[in-house]
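Taking the hints into account, I'd like the entire structure generated from these sequences.
There are 4 protein chains.
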Amino acid sequence: MANSKYDYHNAKELATESRFNEDTYLIVRIDGEKFHKFCPEHNFHKPNDKRGLDLMVEAAKCLMREFKGHIPLAYGHSDEFSFMIRSTSNLLSRRIQKLTSVLTSVFGAHYNDNFDKFFLYRQKHSARFDARIKEYANCKTVIEYFRWRQVDCHVNNLYNTTLHALTGRYRRHELIPCDNMDSSDRKLFENGSGDGKLYELRITPITEWIPDKSKFFSSKDATDKLSGTVSSQKQDIMFLDYKINYNNELEQFKKGTVVVDTNNDNLDSIKHFNLDLINDYSFWIKHQHIFNDSALIQQ
Amino acid sequence: MANSKYDYHNAKELATESRFNEDTYLIVRIDGEKFHKFCPEHNFHKPNDKRGLDLMVEAAKCLMREFKGHIPLAYGHSDEFSFMIRSTSNLLSRRIQKLTSVLTSVFGAHYNDNFDKFFLYRQKHSARFDARIKEYANCKTVIEYFRWRQVDCHVNNLYNTTLHALTGRYRRHELIPCDNMDSSDRKLFENGSGDGKLYELRITPITEWIPDKSKFFSSKDATDKLSGTVSSQKQDIMFLDYKINYNNELEQFKKGTVVVDTNNDNLDSIKHFNLDLINDYSFWIKHQHIFNDSALIQQ
Amino acid sequence: MANSKYDYHNAKELATESRFNEDTYLIVRIDGEKFHKFCPEHNFHKPNDKRGLDLMVEAAKCLMREFKGHIPLAYGHSDEFSFMIRSTSNLLSRRIQKLTSVLTSVFGAHYNDNFDKFFLYRQKHSARFDARIKEYANCKTVIEYFRWRQVDCHVNNLYNTTLHALTGRYRRHELIPCDNMDSSDRKLFENGSGDGKLYELRITPITEWIPDKSKFFSSKDATDKLSGTVSSQKQDIMFLDYKINYNNELEQFKKGTVVVDTNNDNLDSIKHFNLDLINDYSFWIKHQHIFNDSALIQQ
Amino acid sequence: MANSKYDYHNAKELATESRFNEDTYLIVRIDGEKFHKFCPEHNFHKPNDKRGLDLMVEAAKCLMREFKGHIPLAYGHSDEFSFMIRSTSNLLSRRIQKLTSVLTSVFGAHYNDNFDKFFLYRQKHSARFDARIKEYANCKTVIEYFRWRQVDCHVNNLYNTTLHALTGRYRRHELIPCDNMDSSDRKLFENGSGDGKLYELRITPITEWIPDKSKFFSSKDATDKLSGTVSSQKQDIMFLDYKINYNNELEQFKKGTVVVDTNNDNLDSIKHFNLDLINDYSFWIKHQHIFNDSALIQQ
Numbered sequence: 019m020a021n022s023k024y025d026y027h028n029a030k031e032l033a034t035e036s037r038f039n040e041d042t043y044l045i046v047r048i049d050g051e052k053f054h055k056f057c058p059e060h061n062f063h064k065p066n067d068k069r070g071l072d073l074m075v076e077a078a079k080c081l082m083r084e085f086k087g088h089i090p091l092a093y094g095h096s097d098e099f100s101f102m103i104r105s106t107s108n109l110l111s112r113r114i115q116k117l118t119s120v121l122t123s124v125f126g127a128h129y130n131d132n133f134d135k136f137f138l139y140r141q142k143h144s145a146r147f148d149a150r151i152k153e154y155a156n157c158k159t160v161i162e163y164f165r166w167r168q169v170d171c172h173v174n175n176l177y178n179t180t181l182h183a184l185t186g187r188y189r190r191h192e193l194i195p196c197d198n199m200d201s202s203d204r205k206l207f208e209n210g211s212g213d214g215k216l217y218e219l220r221i222t223p224i225t226e227w228i229p230d231k232s233k234f235f236s237s238k239d240a241t242d243k244l245s246g247t248v249s250s251q252k253q254d255i256m257f258l259d260y261k262i263n264y265n266n267e268l269e270q271f272k273k274g275t276v277v278v279d280t281n282n283d284n285l286d287s288i289k290h291f292n293l294d295l296i297n298d299y300s301f302w303i304k305h306q307h308i309f310n311d312s313a314l315i316q317q
Numbered sequence: 019m020a021n022s023k024y025d026y027h028n029a030k031e032l033a034t035e036s037r038f039n040e041d042t043y044l045i046v047r048i049d050g051e052k053f054h055k056f057c058p059e060h061n062f063h064k065p066n067d068k069r070g071l072d073l074m075v076e077a078a079k080c081l082m083r084e085f086k087g088h089i090p091l092a093y094g095h096s097d098e099f100s101f102m103i104r105s106t107s108n109l110l111s112r113r114i115q116k117l118t119s120v121l122t123s124v125f126g127a128h129y130n131d132n133f134d135k136f137f138l139y140r141q142k143h144s145a146r147f148d149a150r151i152k153e154y155a156n157c158k159t160v161i162e163y164f165r166w167r168q169v170d171c172h173v174n175n176l177y178n179t180t181l182h183a184l185t186g187r188y189r190r191h192e193l194i195p196c197d198n199m200d201s202s203d204r205k206l207f208e209n210g211s212g213d214g215k216l217y218e219l220r221i222t223p224i225t226e227w228i229p230d231k232s233k234f235f236s237s238k239d240a241t242d243k244l245s246g247t248v249s250s251q252k253q254d255i256m257f258l259d260y261k262i263n264y265n266n267e268l269e270q271f272k273k274g275t276v277v278v279d280t281n282n283d284n285l286d287s288i289k290h291f292n293l294d295l296i297n298d299y300s301f302w303i304k305h306q307h308i309f310n311d312s313a314l315i316q317q
Numbered sequence: 019m020a021n022s023k024y025d026y027h028n029a030k031e032l033a034t035e036s037r038f039n040e041d042t043y044l045i046v047r048i049d050g051e052k053f054h055k056f057c058p059e060h061n062f063h064k065p066n067d068k069r070g071l072d073l074m075v076e077a078a079k080c081l082m083r084e085f086k087g088h089i090p091l092a093y094g095h096s097d098e099f100s101f102m103i104r105s106t107s108n109l110l111s112r113r114i115q116k117l118t119s120v121l122t123s124v125f126g127a128h129y130n131d132n133f134d135k136f137f138l139y140r141q142k143h144s145a146r147f148d149a150r151i152k153e154y155a156n157c158k159t160v161i162e163y164f165r166w167r168q169v170d171c172h173v174n175n176l177y178n179t180t181l182h183a184l185t186g187r188y189r190r191h192e193l194i195p196c197d198n199m200d201s202s203d204r205k206l207f208e209n210g211s212g213d214g215k216l217y218e219l220r221i222t223p224i225t226e227w228i229p230d231k232s233k234f235f236s237s238k239d240a241t242d243k244l245s246g247t248v249s250s251q252k253q254d255i256m257f258l259d260y261k262i263n264y265n266n267e268l269e270q271f272k273k274g275t276v277v278v279d280t281n282n283d284n285l286d287s288i289k290h291f292n293l294d295l296i297n298d299y300s301f302w303i304k305h306q307h308i309f310n311d312s313a314l315i316q317q
Numbered sequence: 019m020a021n022s023k024y025d026y027h028n029a030k031e032l033a034t035e036s037r038f039n040e041d042t043y044l045i046v047r048i049d050g051e052k053f054h055k056f057c058p059e060h061n062f063h064k065p066n067d068k069r070g071l072d073l074m075v076e077a078a079k080c081l082m083r084e085f086k087g088h089i090p091l092a093y094g095h096s097d098e099f100s101f102m103i104r105s106t107s108n109l110l111s112r113r114i115q116k117l118t119s120v121l122t123s124v125f126g127a128h129y130n131d132n133f134d135k136f137f138l139y140r141q142k143h144s145a146r147f148d149a150r151i152k153e154y155a156n157c158k159t160v161i162e163y164f165r166w167r168q169v170d171c172h173v174n175n176l177y178n179t180t181l182h183a184l185t186g187r188y189r190r191h192e193l194i195p196c197d198n199m200d201s202s203d204r205k206l207f208e209n210g211s212g213d214g215k216l217y218e219l220r221i222t223p224i225t226e227w228i229p230d231k232s233k234f235f236s237s238k239d240a241t242d243k244l245s246g247t248v249s250s251q252k253q254d255i256m257f258l259d260y261k262i263n264y265n266n267e268l269e270q271f272k273k274g275t276v277v278v279d280t281n282n283d284n285l286d287s288i289k290h291f292n293l294d295l296i297n298d299y300s301f302w303i304k305h306q307h308i309f310n311d312s313a314l315i316q317q
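Protein chains in written order, with our numbering: chain A, 19 to 317; chain B, 19 to 317; chain C, 19 to 317; chain D, 19 to 317.
Hints may be right or wrong, so weigh each one.
What the hints assert, rightly or not - Simulated pairs of lysine-lysine, DSSO-like, Cα-Cα distance not exceeding 27 Å:
(1) 55(C) with 135(D)
(2) 116(B) with 55(A)
(3) 215(A) with 68(A)
(4) 158(C) with 158(A)
(5) 272(D) with 30(C)
(6) 205(D) with 142(C)
(7) 30(D) with 158(C)
(8) 135(B) with 158(A)
(9) 158(A) with 86(C)
(10) 23(A) with 272(B)
(11) 243(D) with 23(C)
(12) 64(D) with 233(D)
(13) 30(B) with 30(D)
(14) 68(C) with 261(C)
(15) 86(C) with 142(D)
(16) 30(B) with 272(A)
(17) 30(C) with 64(D)
(18) 135(B) with 55(A)
(19) 142(A) with 272(B)
(20) 135(D) with 86(C)
(21) 205(D) with 116(A)
None of these hints come from the bench; they were simulated from the model. These numbers come from a predicted model, not from an experiment.
And the structure:
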């Protein structure tokens, strides 16, 4: 509209506004902000709450639909989700602050707007998130990034599962095959293998099969007991002392969830899976369409 | 927890993470994202909706309380709010992406969580925001920034008010002095001068005093009519053709709202005003405690 | 050594020091600073001075030897030279300011230290340079960059050659095959094809075959005459009016000089060529060892 | 000139080019690159070589004259010099890489072009420098920066002087008042107090008054002896064991050299001094014209 002597401010803002380089892959990692408060306020199960994890996946899928064509891949576990923006994308002109703020805000909006669908009660206050974005030059370094996050999922989940066995707060999640599909009175789940079958979720507190409360420890003592243990020792503690076979934990808990846009033509094309990104190259080879330099994927 | 061969990623993220310089004032401007859709979806009044503006102020105050001690000053109008972070603040270690994402998310959470208090109905979906942050070296340039935003408020409000007079969508807002304070059945308002008096809000559509619909134009024709007009011409159109005295518009609409932390000791110290930041230095002199270099404020 | 209360300055400097991302190719372009003054002060020939161009190539090779293993490719023409740093290089910790300043300083040192070898007289004062560095994500964009610079070489050289035909300042450079290799009294040159043969350089001012001075124009008039002409028109002006066949110009002038480290084992491996980077892929395929993602080179 | 399909590269370069904020003071610190080699190659005296220090000051003054009006203050010691660019300066459009490269190149050019005036022999090869630039928001932080560098000068000089007493490489520099001004056969010096008087320089190796070579140590042993000593212990070692009164060392060695543009009207206005910036505010008050926010200078 009208000009004023203050209009030079627009030029000043542009002059120091930073953009990402062209042709790089951008990975945005969105994290729950103060979820150590938000989770207990909303009674999240320990060590994992399938409702909360499914809500994260739903928010991720909504965001990917909203920016259809720009974000072909995402991966998340716990209270974090990482999104890969195509190297050819010019989303929000690759402006650093615009990407950081808008993606955080859109993810949070979808999380909060869908909360009651998963938890079946209204949230007390909106969840908050933060974000960081970094450039990756090629598909090799992108793949390394996602493997890093899956290793992080594995390490953290093993630790937390053992910890909450020790504290007595552990709850077993089981997916029960469901022959009778017409049962409209139960919420049914997929198992994340992409086979389309539906399952019932059964949740059992550890105290059902370990009734002796003297077997459990305070958080402090449990943390001390775990200090310095390696993977196999944690699995032994769970199996021998608490009759928990870590192998039977849900794949979603052990592997996190990858979301991929399998096809560019429709919105249903955005699928999620709980599979191995670390040792198995087949995922990357099958979905190399998400990269512009897939020749670099080494089997 | 456990180390892995992927741990170098942490170092990589740190190595390219940007921070703002020390000792600079940071100004964050948070803007409504796609509010041209959000406002009609939620039936905001044209050209101003006091409920929406008051909600912005409330969200700003909540954010300032949450980051008490870091943000002594804010100013907003329309769907934007600018926050000044103290030059001595080390909020979120001055990390650019962390500040951008967290402040957007926190502001949005307060906006969405308070929506129904102001609009008296539940929002259809969460509002989204974006943010940009820029450094300012001294109080002179900070003051120039806030003047720029207030000039922007003035220019835009004058334009929009005239435009919606022409389209017939204008609604007059009046604050009526309220002698009878005990009336618990009405929502009462302050007038933004800080005098503590309460007022009733009366809203009247333009069609009440201009019943002849032939006097109104389509948006396209109204925009064409306004093209190239200066301030005085817009005021003349309003006054002569539509009996609107722009001087009687609410100060909140004409000047926007400044929020200042008047005192560092309690949460009630965060006050809002609708006053002149452009020509009148008294605000800056009175509140020079918000700066570390107030010796530079020139009368 | 001793600590002091000022030591926090070190931390402050580190906190805001920027680094380039890992895994990207970095291209540094070093340009002569104020060479429009430096060239006439040192009597450079117009439109090209083979001594000056050879000195640029020598300085480039010295720099590449000094940072052996980090910079496998360079290209230059006129008073500029671009260097590609490997995507795997961690030269100077990829610190932006350190790379910018050190590479400029080292290139300038080699240029100034070698000046008298090429010009056979001592320079009046040191030449100065500036530099800019940008990240490139993959070999495709690196190749595009070098093509861009060679197109720039072509466009500028065609223009300048025609301009100096018109002004009468043109000097023909010819490389004369030299049968008698033992002639120690003449400086001999390679022709940039890499065949190892030596040539004598013959320089002839245009006035030798166009003695009529009325055929020449002032700089201003020559510039006006060239304004709006396309390539073929410039070639016609040279050929028809000034008997200059642009095809016979030295390849070094028309194509610039590419410097490549052909082999990582010895210092002699750094070779230069005057060849086509724009239309001919054979250079890139032959030297794909300089890239880590050569699978992307498309024939 | 002609357009080409590669012209988008210009836009790409601009899009990711970084600039410093407006209104901040910029401090550039230029350091000798590999001076641990350059100094012995050119036989610099230990622990200080007045010729080398004076050459640094000369290069600094030349640079300040070349960018007259932009750089009112500089300070240097050893092989480093820091320059303050005015907060109002738009030198080189405040482009980070341009400033970094050009200032390094210009300083180096003046250093190398003046080398033989100070050392009376031609340098073997050009000296190289690097640079870093950082923003400072106000005069208080600028003053802290320069104090930090002077503390660094003091700490390093005390250490190096003691070290080279121990190794027997120390050479005493004395300025002898010179009554007879017409002596054209000797190089005369100012003493850095700005009083305009001229002095003769007398250099005496430590072996003249400590002829017993058994009193000296290898570099390794000298370093070990100094390890963990505080200031007073170093002064005691010098005075008691080697008859060196540190108070009598040249002010230039102990305090470094500050260069200030005392007046904006002529080139002679650029003066240098060896004075206290740490404890004495009088320098800053006298030269507050170099700042735009001098109201903040606190006595």
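Taking the hints in turn, this is what the structure says about them:
1. For a cut-off of 27 Å, the pair hint linking residue 55(C) to residue 135(D) stands: about 24 Å separates their Cα positions.
2. About 19 Å separates the Cα atoms of residue 116(B) and residue 55(A), which keeps this hinted pair within 27 Å; it holds.
3. With a C-alpha separation of about 17 Å, the suggested pair residue 215(A) and residue 68(A) falls inside the 27 Å cut-off, and the hint holds.
4. As the CA atoms of residue 158(C) and residue 158(A) are separated by approximately 16 Å, the hinted pair is consistent with the 27 Å bound.
5. Distance restraint check for residue 272(D) and residue 30(C): the Cα-Cα separation of roughly 25 Å lies within the 27 Å cut-off, and the hinted pair is therefore satisfied.
6. Restraint check for residue 205(D) and residue 142(C): satisfied, since their Cα atoms lie roughly 25 Å apart, inside the 27 Å limit.
7. As the CA atoms of residue 30(D) and residue 158(C) are separated by approximately 15 Å, the hinted pair is consistent with the 27 Å bound.
8. In summary, the hint linking residue 135(B) to residue 158(A) is not supported, as the alpha carbons are separated by about 50 Å, beyond the 27 Å threshold.
9. For the given pair, residue 158(A) sits about 26 Å from residue 86(C) by alpha-carbon distance, which is consistent with the 27 Å threshold.
10. Of the pairs offered as hints, the one joining residue 23(A) and residue 272(B) holds, with about 19 Å between alpha carbons and a cut-off of 27 Å not exceeded.
11. Restraint check for residue 243(D) and residue 23(C): the C-alpha separation of about 25 Å stays at or below 27 Å, so the hint holds.
12. Proximity of residue 64(D) to residue 233(D) is assessed by CA-CA distance (about 18 Å); at most 27 Å being required, the pair is judged to hold.
13. Distance restraint check for residue 30(B) and residue 30(D): the Cα-Cα separation of roughly 25 Å lies within the 27 Å cut-off, and the hinted pair is therefore satisfied.
14. In summary, the hint linking residue 68(C) to residue 261(C) is supported, as the alpha carbons are separated by about 21 Å, within the 27 Å threshold.
15. With a CA separation close to 23 Å, the supplied pair residue 86(C) and residue 142(D) stays within the 27 Å bound.
16. Our distance criterion of 27 Å between C-alpha atoms is met by residue 30(B) and residue 272(A), whose separation comes to about 25 Å.
17. For the given pair, residue 30(C) sits about 32 Å from residue 64(D) by alpha-carbon distance, which is inconsistent with the 27 Å threshold.
18. Between residue 135(B) and residue 55(A), the direct Cα distance comes to roughly 24 Å. Compliance with the 27 Å bound is thereby established for this hinted pair.
19. Distance hint between residue 142(A) and residue 272(B) is unfulfilled; the C-alpha atoms sit about 36 Å from each other, more than 27 Å.
20. A hinted pair counts as satisfied when its Cα atoms are at most 27 Å apart, and residue 135(D) with residue 86(C) does not qualify at roughly 34 Å.
21. Distance check on the hinted pair: residue 205(D) and residue 116(A) sit about 62 Å apart at the alpha-carbon level, beyond 27 Å; violated.
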